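Novice: Spelled out from the first residue to the last, the chains are:
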Amino acid sequence: MSTARAAAILLTKELRLEFRTRELLNTTIIFAMVVVVLFSFAFNPTPEESRRYGPGLLWIAFLFAGSLMLHPSFAREQSNQTLDALRMAPVSTFAILLGKMLANFIFLSLAEVVLVPVFAVLYNVSLAGVIGRLILVLVLGTLGLVITGTVFSAVSAHARMRELLLPLLLLPILAPLLIAAVEATVSLLADEPVLDRTWTTFLAGFDIVFLSASWLLCDFLLEE
Amino acid sequence: MTANSASLAHTVPETAGLGLSFERVEKRFGSFVALRDITLEILPGEFVALLGHNGAGKTTLLRIAALLMNPSSGRVQVHLASEARRGGRLQPSSAAAAAQPDADDPIAPATAKRYVGMVGHNTLLYDELTAEENLTLFAQLYGLHDIRERVARGLETCGLALRAGSAVRTFSRGMRQRLAIARTLLHGPRLLLLDEPAAGLDRQGLAWFSETLARLREGGCTVVMSTHARNESLDLATRAVLLTGGRIERDSGPRGDPRPILAALRSEA
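Protein chains in written order, with this note's numbering: chain A, 135 to 358; chain B, 154 to 422.
Heads up, some of the hints might be wrong.
[As the list claims (entries may be wrong)] Looking from chain B toward chain A, a few residues come up when the C-beta cut is under 10 Å (computed):
#, residue
1, Met222
2, Gly270
3, His274
4, Ala320
In short, the hints are calculated from the structure, not lab data.
Please read these numbers as outputs of a predicted model, since none were measured by experiment.
Using N, Cα and C, we set each Cβ at its ideal position, and we do this for glycine too.
With the hints as constraints, model all of the structure from the sequences given.
Specialist: Below, the structure written as structure tokens:
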């Protein structure tokens with residue numbers, strides 16, 4: 135069976151499980167929303183401050199949302215050792231990872247679809263003229279977040295202190311991605327919006343490098 | 154594991170059991186040695202009772218055989234006897250005598266996965282999916298045809314057809330175990346690895362399970378089952394292997410009589 139077909143089957147399974155329980159989406163969206171709302175009340179930023187500091191805050195909210203969402207990705211395969219059943223099936227290990235990555239991308243994107251308009255209203259930021267370019271930055275940043283997050287969720291799934299281990303492993307790796315995503319978003323929200331090609335290229339490069347690495351190392355990642 | 158052909162994937166006859174060989178296998182977890190110097194040749198069509206006390210290494214051995222774990226040293230191979238490759242039906246009683254280990258063809262792990270099934274301590278089922286969805290998912294992953302019919306037949310066989318649309322989390326332990334067994338048999342494995350498979354089964358479930366195993370044995374499927382001495386399915390065993398402290402202490406061998414080992418263990422129990 136092709137990797138794409140197996141990943142599609144596993145993606146369907148992930149979506150069915152999540153939309154049946156809504157465990158990840160509900161928790162993540164509520165948590166990220168609280169962060170965005172609390173900061174807007176705490177700082178009561180002017181439009182200029184919003185444009186300068188808002189992107190950082192937005193990506194911190196996405197990072198928190200991602201951390202909450204990514205941890206159970208492999209951890210919930212532990213309860214009945216369902217990961218063993220997937221590993222015994224005649225599908226490539228990368229298909230298992232890819233299915234999870236795609237599912238996490240969809241879940242985090244759904245959270246962003248809810249969060250971004252709330253952010254725009256609370257921080258008085260107009261996204262009308264930059265929405266297409268903003269979506270590009272969000273997609274590239276979110277891809278990087280879920281690719282690395284899914285990989286480290288797989289790595290930490292077998293560990294005893296996995297709840298602690300995932301952020302410890304993930305945050306240093308994600309620092310460059312977050313810097314690039316914040317800088318690209320700041321450029322888009324400036325008085326004269328511009329898509330910063332350097333940071334956008336960096337984001338795309340980050341995604342390609344980590345996706346390639348996960349493809350090359352997937353057998354080791356899921357090995358006991 | 155070595156591979157000599159992916160084409161073998163399409164030449165395994167419906168009735169051929171797969172062989173399994175362990176060559177000087179050792180498994181360490183840090184400083185703890187779970188398996189020591191295991192050399193064991195399981196011939197196609199054999200029904201092997203893997204016995205031993207808790208912590209003897211039975212589960213580790215089965216997980217290595219299921220390709221879930223790599224040995225620290227040594228070699229494990231799943232292979233197809235030449236007789237089976239030619240399409241000859243392997244009778245369980247004659248398989249041991251007929252197959253020559255040195256004439257076997259090793260199968261690549263990726264190919265072997267299609268023909269290996271395992272029932273473990275855990276059910277390997279998704280609690281939030283229904284019985285039907287669980288079976289359908291794995292039927293799709295194994296690339297099976299006629300999925301609806303196979304799933305319906307699987308549910309019928311394990312007595313859960315009326316609960317096909319119920320989430321697995323609503324099932325009793327015994328029902329889950331029956332579904333786990335049905336899931337494992339869905340793709341028609343030719344090497345079946347069973348780790349305490351009767352856990353949670355009631356009298357009726359045990360009878361169904363023994364019947365299923367007997368049918369599989371008749372069909373030439375190779376079975377390796379780790380279980381306690383009181384399990385009635387052990388009477389089907391054509392060979393008994395006793396593990397102690399990660400080593401093979403006794404092995405009745407492919408042509409030997411497993412009953413003395415089973416009797417000794419039953420009297421201990």
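Novice: Hint compliance check: list the failing hint numbers for this structure, sorted ascending.
Specialist: Every hint satisfied by this model.
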